[in-house]
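Number of protein chains: 2
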Amino acid sequence: MSAKNDRIIRALFRQPVDQTPVWIMRQAGRYLPEYRAARAKAGNFLTLCKTPELACEATLQPLRRFQLDAAIIFSDILTIPDAMGLGLYFTEGEGPRFQNPIRDRQAINCLPIIDPEIELRYVMDAIRLCHAELKQELPIIGFSGSPWTLATYMVEGGASKEFQVIKKLLYSEPKTLHLLLEKLSVVIIDYLNAQIKAGVEVVMLFDTWGGILTTQDYYQFSLHYLTKIIQGLHCQQNGKRIPVILFTKGSSQWLEKIAESGCDAVGIDWTIDINIARKRIGDKVALQGNLDPAALYASPENIRIEVASLLEKSGKGSGHIFNLGHGISQYVDPEHVRVLVDAVHELSRSYHI
Amino acid sequence: MSAKNDRIIRALFRQPVDQTPVWIMRQAGRYLPEYRAARAKAGNFLTLCKTPELACEATLQPLRRFQLDAAIIFSDILTIPDAMGLGLYFTEGEGPRFQNPIRDRQAINCLPIIDPEIELRYVMDAIRLCHAELKQELPIIGFSGSPWTLATYMVEGGASKEFQVIKKLLYSEPKTLHLLLEKLSVVIIDYLNAQIKAGVEVVMLFDTWGGILTTQDYYQFSLHYLTKIIQGLHCQQNGKRIPVILFTKGSSQWLEKIAESGCDAVGIDWTIDINIARKRIGDKVALQGNLDPAALYASPENIRIEVASLLEKSGKGSGHIFNLGHGISQYVDPEHVRVLVDAVHELSRSYHI
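Top line first, the protein sequences correspond to chains Z and L. The opening residue of the first sequence carries number 227 in this note's numbering; numbering runs sequentially from there. The opening residue of the second sequence carries number 227 in this note's numbering; numbering runs sequentially from there.
Some hints here could point you the wrong way.
Note that identical chains are pooled: a pair holds if it fits in a single copy or bridges any two copies.
[Unchecked claim] Derived DSS-like pairs (lysine-lysine); straight-line CA-CA distance at most 27 Å:
| # | residue 1 | residue 2 |
| --- | --- | --- |
| 1 | 539 | 394 |
| 2 | 542 | 510 |
| 3 | 542 | 409 |
| 4 | 510 | 401 |
| 5 | 401 | 539 |
No lab work stands behind these hints, which were simulated from the structure alone.
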């Protein structure tokens with residue numbers, strides 16, 4: 227049985243909708259006081275991710291406040307390398323780190339192909355809990371980081387600014403890097419299929435760091451594997467097709483190629499006009515985005531103006547999932563998110579008659 | 227009298243050359259042991275910038291090692307706000323900071339329009355010293371940060387990751403921000419004209435942070451002022467035209483517009499193929515770039531392969547200034563730079579017959 231509010235599913239398949247669907251990347255996050263309280267209670271971020279009841283609660287928090295058109299399971303892209311034995315931890319100010327970064331062929335060879343139903347069972351349990359709580363009223367989005375993006379953290383040993391270690395590997399031992407990306411692709415396919423089995427109705431692939439590559443390297447080291455993953459998904463679940471959103475930050479120059487990956491929607495960041503993106507891609511896939519996350523710092527009146535402007539650029543017809551062009555900042559006033567969500571619904575109606 | 231090696235000038239005007247000219251962004255920098263020694267002797271980075279003899283020495287250091295086709299005056303884009311009274315200082319690990327960031331209309335109104343011949347005289351003195359040392363053998367490139375890029379540091383109070391303060395200003399008080407950008411444009415025009423008078427033969431505008439803007443905001447808050455600055459330059463000096471290179475990092479989606487700014491060359495980062503950029507822009511302007519800075523981590527053999535591949539994409543004829551797509555990393559082996567520079571000269575000859 228499909229979710230009652232199926233606006234996002236319909237928009238992903240470019241079917242008619244009454245209003246443009248909207249959700250917010252990182253909608254369950256630090257800008258919400260109730261999230262900060264839950265995290266404080268859990269003690270730390272990882273416990274929040276790894277305790278299904280707490281992850282489910284975090285997933286539901288923004289839905290209680292705002293008329294969002296989708297839930298996204300509360301988790302982190304780095305749970306995969308953590309489950310593969312790299313030992314994820316977080317430091318104040320420095321972001322995620324790994325106790326055991328992997329930097330050579332030997333270490334990559336030794337990486338286990340995990341069973342997500344076992345090592346990442348806490349994610350599936352959280353999805354099942356959310357599924358029960360939501361009573362099919364709203365679709366749940368499942369997600370994974372891209373192989374390239376996960377590899378950057380695994381090889382660098384955490385967040386990076388210069389990506390020195392992985393770029394060195396790319397230019398000196400491309401085959402070793404391919405081995406890692408291949409292995410990650412296998413795990414990601416299993417992981418996302420497990421999420422689909424647990425109840426997610428949409429899948430999103432986050433390629434946060436694809437944009438630091440040259441064109442040729444993006445195609446070879448990132449998009450190639452994303453395409454493979456999309457092909458490997460059980461996109462049919464209970465007779466329904468599971469749509470896939472693919473988002474590479476900083477990918478304006480590659481949109482046409484991304485649209486050919488087999489995905490159902492291309493996520494676009496805020497640096498490109500959505501009408502230009504649409505013109506370049508054509509009607510083949512839906513588009514997700516692309517309000518500047520910083521527009522939420524504006525006054526409520528100005529937020530409405532920005533929303534109106536984006537909807538006008540997006541134009542008539544379906545195939546647009548409203549979102550930010552990147553995750554929401556922790557410094558945003560939650561009331562501004564309400565203004566955004568309500569404005570999208572209210573102002574988009576005239577484009578869907 | 228023009229410089230004896232005028233390859234870069236000729237390439238900027240798309241005139242025939244014997245070899246593709248090459249220089250490296252941040253070529254006088256921390257990857258050179260002699261630079262690190264000079265900086266240690268000076269005590270800190272700012273003293274190096276502000277002491278003409280030391281800045282001249284830093285400028286000349288890479289020229290003694292490599293067959294580069296241009297010098298770029300050793301300085302920092304933040305000397306302008308420093309001279310305007312913001313009090314620049316550097317902290318270990320955190321990068322540049324300002325003692326007195328400016329965040330409201332009042333502070334912007336009070337910002338002085340400085341006379342670069344007085345407050346930034348140390349830059350002109352360094353240029354004059356280099357000019358005398360180089361005996362016209364090599365052109366000197368002068369530069370400035372763009373108004374938008376300087377404004378990000380001035381408003382944020384230093385380097386930023388989220389650009390929260392300036393984005394808030396942009397969305398809530400665009401007129402106040404325009405006031406600051408207008409003021410900076412006036413100062414930058416004076417500053418670059420002073421550099422031209424002191425002897426630079428090429429001018430480069432660094433718009434490091436233009437790429438974080440939406441398309442409309444990039445045009446209004448960055449490119450608009452860059453166009454104005456180019457119009458305000460004394461591009462004729464002793465009967466010679468002074469060519470201008472404009473570089474906005476992360477601007478692949480806006481190349482056509484940038485080429486219409488009045489600049490002589492567009493700098494491109496490494497995320498776009500130079501043949502695609504050329505196809506989109508046409509023959510109107512030269513192109514500078516665009517090797518992935520991380521390619522210098524590769525082995526000498528692979529560096530030569532990367533250079534060959536870029537030269538092939540660039541193709542026959544003039545109008546290409548070889549460079550990285552961003553500043554060189556401090557972790558690069560200087561010997562790899564030699565391999566790069568020599569490979570560009572050697573392998574490019576066949577494209578210029």
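Results for each hint:
1. 539 to 394: between (41 Å within a copy, 23 Å between copies)
2. 542 to 510: within (16 Å within a copy, 37 Å between copies)
3. 542 to 409: Result: close neither inside a copy nor across copies, 42 Å intra and 41 Å inter.
4. 510 to 401: neither (33 Å within a copy, 40 Å between copies)
5. 401 to 539: For residue 401 and residue 539, the Cα distance is within 27 Å only across copies (24 Å; inside one copy 43 Å).
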